[in-house]
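Asks: Protein chains in written order, with numbering that gives the first Met the number 0: chain A, 0 to 201; chain B, 0 to 221.
Treat each hint with caution, since some may be false.
Claimed, not checked - Simulated pairs of lysine-lysine, DSSO-like, Cα-Cα distance not exceeding 27 Å: (1) A:189 / B:198; (2) A:146 / B:198; (3) B:125 / B:144.
FYI, nobody ran anything at the bench for these hints, they're computed from the structure.
Since we're looking at a predicted model, the values are computed, not measured.
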Amino acid sequence: METDVEFSGTAPRGNVFANETDLRAGPSRLVASLESVKARLTETFTTEKSDEKGRTAHRPLSSAPQLEEEWFATMNTAEVVWPSMTLPPLEDEHEQFVALHQWEGYVVDLNEKTFTAKLIDVAEGGTREDGEFDLKQVSNDDLPLLKRGAVFYWSIGYHTDTARRRRTVSELRFRRLPPLNHDEIATARKAAQTILTELGHR
Amino acid sequence: MPTREISGASFVIVGTFNPAIFHPAWLAAQELIPPSEATDAKNIIVTSDLSVIQLPWVRMQVTTDRFIATTTHDSHFNTLRDLVSGAFEVLRHTPIRQLGINVEQHYKFESEETWNAFGHRLAPKKIWKQMFRDPGMRAMTIVEKAGRTDGLPGLYRVDVEASVKVKLGVYFRVNDHYELQPKSGEPVGTSELLPLISKNNFGESLKRAQGMIDLLINYDGN
């Protein structure tokens, strides 16, 4: 099936974005770029279209990605019984990672070169293991998160890049959560104090 | 055995959103993504009506009534959950109506024969051969009409299609759908949403989806 109009609801491709180059080029370039974005968005998110027989198909703005043929194929549906909760397509150009093995762990101890961790094998029914990792395996962005108790995900699998080349990789990624606010910290302290009191600690 | 070639997961949340807030810089400021990912984000569109963000492992698309976050890195399913959960912990007053947790997978079959046989098992061709010379299954959707097993409003839905990404491939999509509108019809806040995308519940959802796909893959017709 072919489509000459992109109905996928995904980001328009190509150089239509207001990017850093546009911003540096000044207002005229930026306005031209924004006009281009507007045109592509209108095309991409149009909700009504007619075919050569004069039939009109309506599509909710937020409906599932559909090719043109499929869109018209839905015209005979008397009632849409399912809300459009389906996905945008998995896109070819995206990088992909299929995990062969996955663990979730938390840091037990660390020194200048390595850290040790308790691991749970996600795939093998929660088997518990111990592991030691070189700090060089941790991304620079994640180093500030590397503390005792920090939770991380470790995956070994094959990574397919945008050129469809595949390689086996090991990846560590530390869990990121929004910082606690004062109320949440106060609530946690209170809960901890309650537990301490119940344990007989004064 | 068929091999899994592509594996993805997504959250689709229907409610009322302010797309303009979903910017990589905001996600980094909330410590939900590393600063370098915010800097390297591609294809960014952030307007009052639409936000599209592409990071190396996740794509987010937000309109005023829909939030979608998708990954095709199955090593990052929990990271995706952390990101979505973290974002709505911060945006805790966001009105929410529906939630879909989706798993998508493409499997490659060893041969055309086994690929066709799989389609024949799911959709026997006896009746179809009375009208077509060589009928082939292109797509099938099955919905759990009896509702969710946990008693919450919503349902499960499974789509099986010939893959358009993988040659001799079959595409599966499992949709774990929640209706979050109470009887009053008013949307709920994220206090109702967050438990559904908690680590445990999300883990159960993934497990259930994989169980459904495995059951179909291994179905021998009996």
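Asks: Under the constraints set out in the numbered hints, which ones does this structure not fulfil?
Replies: Of the numbered hints given earlier, the structure breaks none, since each of them holds.
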